[in-house]
Amino acid sequence: MKVLQILLYLAVPFVLVSCQSKPLEQQTYTSGKEQILVDESFAPIIEDQAYLFESTYSGAKLDLVMKSENELLNLFLSDSIQVAIVSRLLNAEETKHFESKNIKVRINRFAIDGIALITHNSSKYANADVSDIIKILKGEASSLESLVFDNANSSTVRYFKELAAIEVLPAAGIYALKSNSDVIKYVNDNPGSIGVVGVNWMVQPPVQLEKTVAELKILGVKNISGQPGSDAYYKPTQNDIALGMYPLTRSLYVINCEGGAGLGTGFASFIAGERGQRIVLKSGLLPDSIPSREINIVN
1 MKVLQILLYL
11 AVPFVLVSCQ
21 SKPLEQQTYT
31 SGKEQILVDE
41 SFAPIIEDQA
51 YLFESTYSGA
61 KLDLVMKSEN
71 ELLNLFLSDS
81 IQVAIVSRLL
91 NAEETKHFES
101 KNIKVRINRF
111 AIDGIALITH
121 NSSKYANADV
131 SDIIKILKGE
141 ASSLESLVFD
151 NANSSTVRYF
161 KELAAIEVLP
171 AAGIYALKSN
181 SDVIKYVNDN
191 PGSIGVVGVN
201 WMVQPPVQLE
211 KTVAELKILG
221 VKNISGQPGS
231 DAYYKPTQND
241 IALGMYPLTR
251 SLYVINCEGG
261 AGLGTGFASF
271 IAGERGQRIV
281 LKSGLLPDSI
291 PSREINIVN
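FYI, in the UniProt record's numbering the residues of the sequence shown are 1 to 299.
The set of hints was computed from the structure by calculation and includes no laboratory data. Here the structure is a predicted model, which means the values were calculated and not measured. Don't take every hint at face value.
When the alpha-carbon atoms are kept at most 25 Å apart in a straight line, the in silico PhoX-like pairs for lysine-lysine are as follows [to be verified]:
id, residue 1, residue 2
1, Lys-61, Lys-104
2, Lys-161, Lys-235
3, Lys-178, Lys-161
4, Lys-61, Lys-161
5, Lys-138, Lys-161
6, Lys-124, Lys-96
7, Lys-135, Lys-33
8, Lys-217, Lys-235
9, Lys-161, Lys-185
10, Lys-138, Lys-101
11, Lys-104, Lys-33
12, Lys-185, Lys-282
13, Lys-235, Lys-282
14, Lys-135, Lys-178
15, Lys-135, Lys-104
16, Lys-235, Lys-222
17, Lys-185, Lys-124
18, Lys-135, Lys-61
19, Lys-138, Lys-104
20, Lys-178, Lys-217
21, Lys-138, Lys-178
22, Lys-235, Lys-124
Working from the sequences, and respecting the hints, build out all of it.
In C-alpha cells:
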C-alpha cells in the first residue's frame, strides 16, 4: 500500500507537466504535428511555405487553419492553437492575456503585402485615388461606384476602416463576400466592380482561378496629397512597395506563443530564413530581408 501511494504521488506532477506541455508533445523544430492559424487573405503564400517546409522535413506535418482575422484571433486567444500568421501586432489587451499566463510571445515579421484593387479588363477603371477610397468608405460621393471585400471580419476590411477612420461600413457601395476567391469571381462576373485582395492572389492564384485572374487587371493607386506616392499612380509591385510609393501596404507576422521548442517555432524560422524569403520574393510580396544572389563569373 505504501509503495502504491508513493507511485501515485510521483505520477501527479508528471501528469500536470504532461498536460501543460501537450501542444509540444513529440515535437522538435522540424518534426511533429502542429496547427497553424492563417489569415485567409494571404493564404496562397503560406500554403507555398508549408509545402516546401514539409517537403524539406519529412517528419513535419502542418495543419493550416484558414480563418478571417476576427475568427482567427478568437481562436488564438482561446489558447487552442498557439501559432498565428496575421497582418497586425497584438494590442495591449491581447498581449496581457498571454503575459498573465507567463507565455512569452515571439513575433517575426516576414513580408510586406500590397493590397490590390482589381477590376475586369473591360472596366472603365484604370486608377484610383486614396481620397476617393476614403470617401466611398465614409458613404460620401466618390468617383468609385463600389468596393468588394473578402469578408466582413477580415483583416482587409479592418485595414480600410482604419484608413478611413470609421467604425462601421456604409450600407451603400460596399460589399463583403466570404473569401478572396469569391471577390475574384465576383469582379470577373461584374465588370463595373472593384475588388480588394492581397496581391499574392493575383500573382500566384490557385490553379482553379488562373483563367479568371487573367481576365482582371490591377489598378494604380495615388496617395493623399502630401504623402509618399501622391505624385503618380503606383501599383503593388515589389519595387513600389520597397520605395514606399504604393500606399496600401501591411506587414505580415508570425506570432508564436508555443513557449518552447515546437514545430511552429521551426516553421517561423523557416519563413524568416533565406528559403522562406525566396518564396516571399516569388509570390509578389516584399520580403522582410532580401535574399542574397550569387553570380558566377566564368572567364
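Verification of the supplied hints:
{"no.": "1", "hint": "Lys-61 to Lys-104", "in the structure": "holds, 24 Å"}
{"no.": "2", "hint": "Lys-161 to Lys-235", "in the structure": "holds, 21 Å"}
{"no.": "3", "hint": "Lys-178 to Lys-161", "in the structure": "holds, 18 Å"}
{"no.": "4", "hint": "Lys-61 to Lys-161", "in the structure": "violated, 36 Å"}
{"no.": "5", "hint": "Lys-138 to Lys-161", "in the structure": "holds, 9 Å"}
{"no.": "6", "hint": "Lys-124 to Lys-96", "in the structure": "violated, 49 Å"}
{"no.": "7", "hint": "Lys-135 to Lys-33", "in the structure": "violated, 47 Å"}
{"no.": "8", "hint": "Lys-217 to Lys-235", "in the structure": "holds, 11 Å"}
{"no.": "9", "hint": "Lys-161 to Lys-185", "in the structure": "holds, 24 Å"}
{"no.": "10", "hint": "Lys-138 to Lys-101", "in the structure": "violated, 40 Å"}
{"no.": "11", "hint": "Lys-104 to Lys-33", "in the structure": "holds, 21 Å"}
{"no.": "12", "hint": "Lys-185 to Lys-282", "in the structure": "holds, 24 Å"}
{"no.": "13", "hint": "Lys-235 to Lys-282", "in the structure": "holds, 17 Å"}
{"no.": "14", "hint": "Lys-135 to Lys-178", "in the structure": "holds, 24 Å"}
{"no.": "15", "hint": "Lys-135 to Lys-104", "in the structure": "violated, 41 Å"}
{"no.": "16", "hint": "Lys-235 to Lys-222", "in the structure": "holds, 9 Å"}
{"no.": "17", "hint": "Lys-185 to Lys-124", "in the structure": "holds, 18 Å"}
{"no.": "18", "hint": "Lys-135 to Lys-61", "in the structure": "violated, 46 Å"}
{"no.": "19", "hint": "Lys-138 to Lys-104", "in the structure": "violated, 39 Å"}
{"no.": "20", "hint": "Lys-178 to Lys-217", "in the structure": "holds, 21 Å"}
{"no.": "21", "hint": "Lys-138 to Lys-178", "in the structure": "holds, 22 Å"}
{"no.": "22", "hint": "Lys-235 to Lys-124", "in the structure": "holds, 17 Å"}
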